[in-house]
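Please work from the sequences and hints to get the whole structure.
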Amino acid sequence: MRITQGAFSFLPDLTDDQIRAQVQYCIDNKWAVSLEFTDDPHPRNTYWDMWGHPMFDNPDAAALMMELNACRKLYGDRYIRVVAFDSSPGWESVKLSFIVNRPDEEPGYRLDRQEAAGRMIRYTTRPYAADRPAGARYG
Amino acid sequence: MPAPAFAETELPQAAAPAAIDLREEFETSGVKDVLAELDRDLIGLAPVKRRIRETAALLLVERARRRMGLAHETPTLHMSFTGNPGTGKTTVALRMADLLHRLGYIRKGHLVSVTRDDLVGQYIGHTAPKTKEILKKAMGGVLFIDEAYYLYRPENERDYGQEAIEILLQVMENQRDDLVVILAGYAQRMDRFFESNPGFRSRVAHHINFPDYSDDELLRIAEQMLEKQNYLFDAKATAAMADYIARRRAQPHFANARSIRNALDRTRLRQANRLFESAKGPLDAKALSTISGEDITASRVFALPPGKGEGK
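Chains E and F, in that order, are what the protein sequence lines are. Numbering that gives the first Met the number 0 numbers the first residue of the first sequence as 0 and each following residue consecutively. Numbering that gives the first Met the number 0 numbers the first residue of the second sequence as 0 and each following residue consecutively.
Any given hint could be a false lead.
Only pairs whose alpha carbons sit at most 30 Å apart, straight line, appear in this in silico DSS-like list of lysine-lysine [to be verified]:
no.	chain 1	residue 1	chain 2	residue 2
1	F	Lys285	E	Lys94
2	E	Lys29	E	Lys94
3	F	Lys107	E	Lys72
4	E	Lys29	F	Lys131
5	F	Lys235	F	Lys285
6	E	Lys29	F	Lys235
7	F	Lys235	F	Lys279
8	F	Lys129	E	Lys29
9	E	Lys29	E	Lys72
10	F	Lys129	F	Lys107
11	F	Lys107	F	Lys48
12	E	Lys72	F	Lys235
13	F	Lys129	E	Lys72
14	F	Lys31	F	Lys227
15	E	Lys72	E	Lys94
16	F	Lys31	F	Lys107
17	E	Lys94	F	Lys131
18	F	Lys48	F	Lys227
19	F	Lys48	F	Lys31
20	F	Lys107	E	Lys94
Which bits of chain F does chain E cover? Going by a derived footprint, with three or more residues having C-beta under 8 Å, they are [what the hints assert, rightly or not]:
no.	stretch
21	103-114
22	137-147
The set of hints was computed from the structure by calculation and includes no laboratory data. Glycine included, every Cβ here is placed at the ideal spot set by N, Cα and C.
Okay, here's the thing in structure tokens:
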């Protein structure tokens, strides 16, 4: 099951040139771009691991592409996303976030139902991949 | 390399979809403006200007070939600027970034100027991220490494400079489209640096040598600098400045245009002092902006016996 988080996730995967163009757009808008990766893509898991620092003062997208390729080399079997932060209001807020790398196989989520008092049902979703220990979840 | 005769350069006839007027390209791409500015703003440096013209011609032709779908290869644009201090290497590098940007060989056209300290770290594992950080900042533009030979310290085999060199070489080779590197420094030491780092020599295509300025050129540079700051020499001051340049050259640590700039800064200080002490009543704009002979002849250079020190 293909996970759909962030922008462009209902489109086919972006090519490197398309990623570069999007990142350049972010940089031209004075947003700080950074890379994050995870192997726990639960929608409520907002805190992914950071790949290096946010790139505050790189005027060209080639810098991010270089880091992206380095990140793919190490974590090519995980989810990687580009996050663009806008600090112009005086605080950092996410302006754009999109997935740029995903595992070859995405096993999807299991829906658990828990019966509670008074026939109430509590639902929870668990990624199948999360059954395996962190670091060994995909591939 | 052919002479920079843009109009006469013959276009390859075969398989050309359309003709490209190089003269028009030259004018519309803004290259003409950059070269004209270079001619106007930079005094002397004739061989440097000639090399830049040649490079611009080559790049224009390459670009025309690419548009016509002819076989082309992104030319290697890494350069080395050699010359004594104060001969305009940084200034020309800035213009070069502008030129390459207008020709479309770099995307942003900014210049990141660094020295060894910006690239090489203090302890193990510090160098690679530092160098990469600088490289990322320079991407899409020009990385200007001043006194590049300091990167290589043969006397200390555990020096981290070697690590920076390796990363630099790798990026210079693999990301030629993203970044142009200009190495700068004194001619002799750069030669030695290239000898001990053959990787650099083969990756740097253009070696441009910056000659020293003549006394005459330095005087014109001084006048130009003053003009930018809305100052001017009176007749005696011009003569004194010419004398000053000849004397200053004979002394150690002469740094061409930079020495002149420093001298002018001190001259302005003395002029301000003189005005302050001698002025009786209000001063007009002319008095405030005129440098007179005594402001220059008060310099320490005139007190020393001529020809003292190492000389040139």
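Each hint, compared with the structure:
1. Lys285/F - Lys94/E: violated, 56 Å
2. Lys29/E - Lys94/E: holds, 11 Å
3. Lys107/F - Lys72/E: holds, 28 Å
4. Lys29/E - Lys131/F: Holds, at roughly 21 Å.
5. Lys235/F - Lys285/F: holds, 16 Å
6. Lys29/E - Lys235/F: Not OK: Lys29/E and Lys235/F at ~53 Å, beyond 30 Å, violated.
7. Lys235/F - Lys279/F: With Cα atoms ~22 Å apart, Lys235/F and Lys279/F stay inside 30 Å; holds.
8. Lys129/F - Lys29/E: Holds: Lys129/F and Lys29/E sit about 23 Å apart, inside 30 Å.
9. Lys29/E - Lys72/E: The given pair, whose Cα atoms are some 28 Å apart, holds under the 30 Å limit.
10. Lys129/F - Lys107/F: Within the cut-off at roughly 22 Å; holds.
11. Lys107/F - Lys48/F: Holds, at roughly 23 Å.
12. Lys72/E - Lys235/F: Outside the cut-off at roughly 69 Å; violated.
13. Lys129/F - Lys72/E: Status holds; Cα separation ~20 Å.
14. Lys31/F - Lys227/F: Cα-Cα ~23 Å, so holds.
15. Lys72/E - Lys94/E: Holds, at about 27 Å.
16. Lys31/F - Lys107/F: This hinted pair holds, its Cα atoms lying about 19 Å apart.
17. Lys94/E - Lys131/F: holds, 26 Å
18. Lys48/F - Lys227/F: holds, 22 Å
19. Lys48/F - Lys31/F: Given that 30 Å is the threshold and the Cα spacing comes to 13 Å, the pair holds.
20. Lys107/F - Lys94/E: This hinted pair holds, its Cα atoms lying about 23 Å apart.
21. 103-114: This one holds; 3 residues, not fewer than the three required, reach chain E with a Cβ under 8 Å.
22. 137-147: holds (count 3)
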